[in-house]
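Visitor: Sequence:
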Amino acid sequence: APREKFQFAEDTYPCRFNYPHLSWPSTAVCDGRAHCWRSFETDEHEEMCAPREYLIQDLQLTANLTTANSTLLTWSPGVELSGHRESPLKLSGYFLTVKSQGRTSLKTLEPTLREYNVSFLIPWTEYKITLRRFYTNSDKDLGPQMRLGRAAAVELRTSAYNPSAPRELKVISTGQENVNLHIMDPITWNGLPFKYHVRWEPQSSIRGLPGNMEIDIPSTRPDDQNWMNCSLSLEPGEMYRVFVLAENADEDQNITFQSPEIFLDIATTPGDAVGLHADPLNSHELLVSWRVFSPAEFFQVTVSYLDGNFTLIQPEDFENLYPIRVQTRILVDGVVMKSSVRSVIVDKLPPSRNCTVTLEACNLDGCGTALTTWAVTRPAVPKPVITGVSSNSTSSFQVTWTFPDRDTAFYDGFLVRYCSSASSCRESYAHANSICVINLSPDTIFDIQVRARIKHTDGRVELGPAATAQVSTWKEVPLAPGLKVRASEEKSDVLVFSWTFVNGSVDYLQLSVEENIWTNCTDDVACDMATMYGSTPELTTGFIRLNNLEPYTTYNVSIRGCNDAGCGEESTLNVRTGMAAPSEPVG
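Numbering follows UniProt numbering, in which position 299 of the sequence shown is assigned residue number 299; successive positions increment by one, without gaps.
To be clear, the hints were calculated from the coordinates, so they are not data collected in a lab.
Treat the hints with care, as some may be off.
[To be verified] Here are the simulated DSS-like cross-link-like pairs (lysine-lysine), alpha carbons at most 25 angstroms apart as the crow flies:
#	residue 1	residue 2
1	107	90
2	348	195
3	383	348
4	383	484
5	99	128
6	170	195
7	128	107
[Stated by the list, open to error] Pairwise CB distance ranges (calculated):
#	residue 1	residue 2	range
8	476	547	28 to 34 angstroms
9	347	438	36 to 42 angstroms
10	215	22	46 to 52 angstroms
11	47	74	28 to 34 angstroms
Positions of the beta carbon are idealized from the N, C-alpha and C atoms, including for glycine.
Work the whole structure out from these sequences, hints included.
Guide: See the structure below:
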């Protein structure tokens, strides 16, 4: 049979029927001496072992030039025996068994070999290497074809070597000035655990300092502990890259080996911000500002307030309901700005609402201690209600309005803006709820806007919504009068008219009959004029009477008002006088 067919697994040999029960090393099997006293379980059984003459031959095994992965085995040769039997056994080779904890390797060697380099070893590992002769018998009638010979063993430990990289590096906890790390041992130390080397580098070249430390692994560390913890003292709010490598040693600690590095990006908790302020800018915005003394990746500003609908709930329903708190959260970049003062405007808030403002300096691993302050948004700005607008001369107008009398501390009067198509816009400021604007052009239409002014702590002025109106200044000459005829058919030779002028001053009247020339009523004996008592520039009324007219005759009468600036537009009526008695017959 080929040599590779034969195998033998080295193991302890138990003598089960001895008392106490004994087990012998595998080298005691087939060594020429019986160790078990019961013949049927002898370790020297002839069915298993070669004859004693073969077994008493000495076998010396030595290991030389042992490294982390190999050792050179050398051994003494056996002696060929002849004349023992008709067919003596033949040395056919060696069984090589390499054992470590949990691992066994078997190999069959040529009988001519006297040395062999075992090159499949693992660093820093205890090995028991057994070499055993075996013989073959070509004649099956003389017993088993393969017989075991004497064995020799050597025990050794391979040299130390570079450990594998630490299995894991993770953060246990993070503070503003320290980070606690957990280091998991390498899968294979390949030597005595000696120490860890830890170093760190800041991610920013401007802030933070690099550093390093060594963590000794005490010899008293329990065997089942496969980790070490460490604490790094760092700057608040900084990002670092931490590197860790493992170092082992040989028995005398005069030779050490280091593993590859692993790294982890970490960040300390940002330092707490200070000086948190929240100032209302208007009814929907808060200006939140603070100061910082250490970097942060971002700042988290949270503004919360009670939902306004909760105030509409009836008191009897309160016990089954809870107020809903609305939150607005804004993230502010903490890297781009170098100033120690930061601010952000939080908008889209409800008016007149008590808001809780919290600020946290954060990085991706967590946030620092939250700061809290409170602020009330300004009330909603109402629109004034214009109650009157009028012009009382050719160069002025007056506007009056009402405004809700609430939270007046927020308001700083009113801004009145008036614009005409013929000139640019102008503005006037008023504290009262009315204003009279003067020095205007006559006969001009003005578009008016009235807005409440809101004052802010930062000096800004906000204008509320506009109330609008339109007004026209008076013309320099009177407008066309309103005319009505009074009892035109009761008199056959007289016509009486009532007239009205608005928004203008009238010094005298002119009339024109049948489109004749204009004459002053005061200069014509056929014309009488009377002005009603109490007339004002805004409204002037009176009567005019035309005398000496022809009976039952239709007249075209035009009347206009005049003053120092001239005469205005006329108003015209066609009126017929009343009938009179006919004259006497002519013939």
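Visitor: Check the structure against each numbered hint from earlier and tell me which ones fail, lowest number first.
Guide: Those not satisfied are hints 2, 4.
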